[in-house]
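K.L.:
Residue numbers (full-length UniProt numbering), protein chains in the order written: chain A, 1 to 254; chain B, 1 to 254; chain C, 1 to 254; chain D, 1 to 254.
Because the hints were derived from the structure by calculation, they are not lab data. Treat the hints loosely; a few may be bogus.
Chain copies aren't distinguished; within one or between two, either way the pair holds.
Straight-line C-alpha distance at most 16 Å; calculated EDC-like pairs for lysine to aspartate or glutamate [stated by the list, open to error]: (1) LYS143 / ASP172; (2) LYS18 / GLU38; (3) LYS18 / ASP40; (4) LYS25 / GLU38; (5) LYS143 / GLU177; (6) LYS18 / ASP88; (7) LYS25 / ASP222; (8) LYS25 / ASP187; (9) LYS143 / GLU238; (10) LYS18 / GLU5; (11) LYS18 / ASP145; (12) LYS25 / ASP172; (13) LYS25 / GLU89.
Note that this is a predicted model, so its numbers are computed, not measured.
Protein chains: 4
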Amino acid sequence: MNTTEAPLRVAVLGARGKVGREICKAVEAVSDMTLVAEIDAGDPIERLVESGAQAVVDFTHPDVVMGNLQFCIENGIHAVVGTTGFDDERLARLGELLAASPETGVLIAANFSIGAILMMRFAAQAAPLFESVEIVELHHPTKADAPSGTAGRTAELIAAARREANSPAMPDATSQEIDGARGADVDGVRVHSVRVRGLVAHQEVILGGLGETLTIRHDSIDRAGFGPGVLAGLRAIEAHPGLTIGLEHFLDLP
Amino acid sequence: MNTTEAPLRVAVLGARGKVGREICKAVEAVSDMTLVAEIDAGDPIERLVESGAQAVVDFTHPDVVMGNLQFCIENGIHAVVGTTGFDDERLARLGELLAASPETGVLIAANFSIGAILMMRFAAQAAPLFESVEIVELHHPTKADAPSGTAGRTAELIAAARREANSPAMPDATSQEIDGARGADVDGVRVHSVRVRGLVAHQEVILGGLGETLTIRHDSIDRAGFGPGVLAGLRAIEAHPGLTIGLEHFLDLP
Amino acid sequence: MNTTEAPLRVAVLGARGKVGREICKAVEAVSDMTLVAEIDAGDPIERLVESGAQAVVDFTHPDVVMGNLQFCIENGIHAVVGTTGFDDERLARLGELLAASPETGVLIAANFSIGAILMMRFAAQAAPLFESVEIVELHHPTKADAPSGTAGRTAELIAAARREANSPAMPDATSQEIDGARGADVDGVRVHSVRVRGLVAHQEVILGGLGETLTIRHDSIDRAGFGPGVLAGLRAIEAHPGLTIGLEHFLDLP
Amino acid sequence: MNTTEAPLRVAVLGARGKVGREICKAVEAVSDMTLVAEIDAGDPIERLVESGAQAVVDFTHPDVVMGNLQFCIENGIHAVVGTTGFDDERLARLGELLAASPETGVLIAANFSIGAILMMRFAAQAAPLFESVEIVELHHPTKADAPSGTAGRTAELIAAARREANSPAMPDATSQEIDGARGADVDGVRVHSVRVRGLVAHQEVILGGLGETLTIRHDSIDRAGFGPGVLAGLRAIEAHPGLTIGLEHFLDLP
């Protein structure tokens, strides 16, 4: 970071939500940013302009995020967005809005955990170089879906990388199976979902070839884990006008 | 061990099989035993008596093991047996034979890996003290059955311990599942079977309660891992006349 | 638990401390106990009697705990104590007090995490059955001491178990070492201390013999992990009059 | 691979060594190569030409490898080399020889394990994105050096990546340490060396930031693990004339 520059003026939308509060803390904890506004449902969005915010972080709700972003883009305020619910139509609409404000940047990311992003990226890169790849994801037992969204996405990335490389089918001689033992088949990749009290959110990708295995494991135990990723997004957003999908494009990776 | 005593005279039946060869090496490598006979299919079993064997190790075949044991018991030779296929009828027959030779000991064990035995024992002891228990077993992809026999047996021991302690059902809020994601249900315990090239035989039991997890993992990478368990069986067999099922009864555990 | 009995009346001393607050929540969350008093510095201890407490949990301070316990014992109130600082003199004094109130029970425990207690117990039991044992403990980087207290205690238990069993020295052919690579030597057991942001409190005991390893790992991510252990102490305290050191004596283990 | 081409004609130098034998098996097991010569100490190297070898694999000895390579290069035979002992002088000499045979390729690699190469690469890429990075390497207890060569190399790559990114020093509040607990300091990166019977060669790189950790683990249990890397080298060598240091340059990574 360039320490001679003035701190970036940041506002948080959804500032009283669980994630929003962590983001506020993270922004306040670093010296190259200033938290200038904490806005939540009921607060007038015009406060963004009054506060002189240069960039916002939006962890709100699919119902309000498009209005928030229209206001930001029209006022030349960059946005780092963790809210979900963007379909092709919404992305097209954002593209139009941004075309009229060509210096403004919007980053939309499904995951701000740097560890999770790298786990997916490394798993996909390594997948064609090994005979076998399986995923074990482990979560608290109050989770409704199995596998997790991250595990499903990881499996798709692995499958795509192997198709591209013409990787052969993975070896599996299972002929006697108690139903479910071999996990779910997601695009040809086996995914196993463990649910145990005391866990939070964990995932292991196990890749193996003759005589060796490579395991890439991500452990996330706290919403605070989103902080560094959001800060990375804020630090890079000015240099990336237009629409970016996925924080990985802002990380300095080869 | 009492170093003033003469070394125990040991013979190996099935000495040219994969496990048998490792057992021969293990016996030869220690100073309190002497390997006096290596016998395999086609060799006359009378060589046991000629060699002066005090104890045999039998890793042969269900078709021949009963004949081997009858010969051993009638000649007062102790036996440590890893061969499979013992049903109630066979065990009853061994009981009759041993009744007529009351100083002879026979140990029959499904598993001579000390690590696997302890994993199962500790898992069963701990299971009633946690809300959740699941099993992940990981093996090479040429394995035919899923889950592994060890995983199935571990699940049964866990289930029995929890029933005895009146443990409540494990928490699991899964409502949306891709088929198989939550693994196989073995006696109420979820078991996940990973098959990846480069693995040998591994198992993890994950136990969890509020804010903490306890994981017991066994990694077996070599048949040589049976050696220490067989030696422990040989060292204890003289002091345990009659029939013993399971090496755990010979290990010095509270 | 016997559901026909009235709920146990529990008071918490140190109720506004970090651990105390979790204990209050844990007591309130179960149906076989009632939280009758939350007491902290400045509150009159006589409220214990007024509240009708049958048992207290004390997570206070070495300076006040002896006074608290004298009051409890003299009033026939059982105590489950997580406060530190008990030396031989203090334990002797508690013995005298309890002799005069023979139906009252006091449990003093350094660790209420059931997972940590089992990790130590299993590690000590298994240690004489393997050639090698090492400890890797992993904590957040704001921790002042290395190794952790739990790792030091685990190493001592392992060393004692191996001495008792006349286990030989562990194999180690290291002849070229960068200073510190092989960890700290605690009573002959190697202990490695990892300090990484994002970790909380974790420990792995790795035991190995020919061809196999057994790993016992404890992960603690939340003070709430003390809750189940404290509840177990409360449930058993009435049946254990006198002084007990260590929660393990109350857990139903062989 | 292009299945319409004739199989690559491969010779192995050091064919009766431990690694050499595994390489011979690996070459024989695939359909796009033919093993045309197995050469070891005492065999005339001219057999390479007679056999029509297009590429050799050299796992021999520093004393003979330069002679082997001179012969190969002068005869236009590509070489994939796992033998050690190449200093700047030797590399310069190879450069001269290759200048005179511009279509011949020589690959020199310290490590043919694809898993180990990826572990090092991913660790170095991720290191600047996290606050903390430490290495735990685990090996059999007959190993002489601690840390392992791979761990030392990994630490250097991590340190270089963090210097380049101006990463701040890692957090570490340790103020009370039993000597060695915090491991060896290799270029500012802490490395812990575990030595336990039953292990082979394993390494874990643990990276952590607020609320999350990323762990990259490599397990190598068999020399056969070199096979796929050597085959990858053989398949790519024709397309890479000149001198290449490190198999990573041949793997299809972004």
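K.L.:
Within a copy, between copies, both or neither: where do LYS143 and GLU177 come within 16 Å Cα-Cα?
P.N.:
Answer is between; shortest inter-copy Cα gap is 11 Å, intra-copy 26 Å.
K.L.:
When no copy is named, should LYS25 and ASP222 be tagged within, between, both, or neither for a Cα gap of at most 16 Å?
P.N.:
within (14 Å within a copy, 20 Å between copies)
K.L.:
For LYS18 vs ASP145, is the C-alpha pair at or below 16 Å within one copy, between two copies, both, or neither?
P.N.:
For LYS18 and ASP145, the Cα distance exceeds 16 Å both inside one copy (21 Å) and across copies (33 Å).
K.L.:
For the identical chains here, do LYS25 and GLU89 meet the 16 Å Cα criterion within one copy, between copies, both, or neither?
P.N.:
Close neither inside one copy (33 Å) nor across copies (47 Å); limit 16 Å.
K.L.:
As a check of your reading, is LYS18 near GLU38 (CA-CA no more than 16 Å) within one copy, between copies, both or neither?
P.N.:
within (13 Å within a copy, 28 Å between copies)
K.L.:
With identical chains treated as interchangeable, where does the CA-CA distance between LYS143 and GLU238 reach 16 Å or less: within a copy, between copies, both, or neither?
P.N.:
Answer is neither; intra-copy 37 Å and inter-copy 37 Å both fail.
K.L.:
Are the CA atoms of LYS18 and GLU5 at most 16 Å apart within a copy, between copies, both, or neither?
P.N.:
Neither: 31 Å inside a chain and 40 Å across chains, both beyond 16 Å.
K.L.:
If the cut is 16 Å between Cα atoms, do LYS143 and ASP172 qualify within a copy, between copies, both or neither?
P.N.:
between (29 Å within a copy, 8 Å between copies)
K.L.:
Go through the copies and call it for LYS25 and GLU38: within, between, both or neither, with a Cα cutoff of 16 Å.
P.N.:
within (11 Å within a copy, 31 Å between copies)
K.L.:
How do LYS18 and ASP88 come out at 16 Å by Cα distance, when the copy is not named: within, between, both, or neither?
P.N.:
neither (28 Å within a copy, 47 Å between copies)
K.L.:
Indicate which option fits the pair LYS25, ASP187 if close means a Cα-Cα distance not exceeding 16 Å: within, between, both or neither.
P.N.:
neither (39 Å within a copy, 33 Å between copies)
K.L.:
State whether the alpha carbon distance between LYS25 and ASP172 is at most 16 Å within one copy, between copies, both, or neither.
P.N.:
neither (48 Å within a copy, 22 Å between copies)
Hints 6, 8, 9, 10, 11, 12 and 13 from the list above are not met by this structure, while the remaining hints are.
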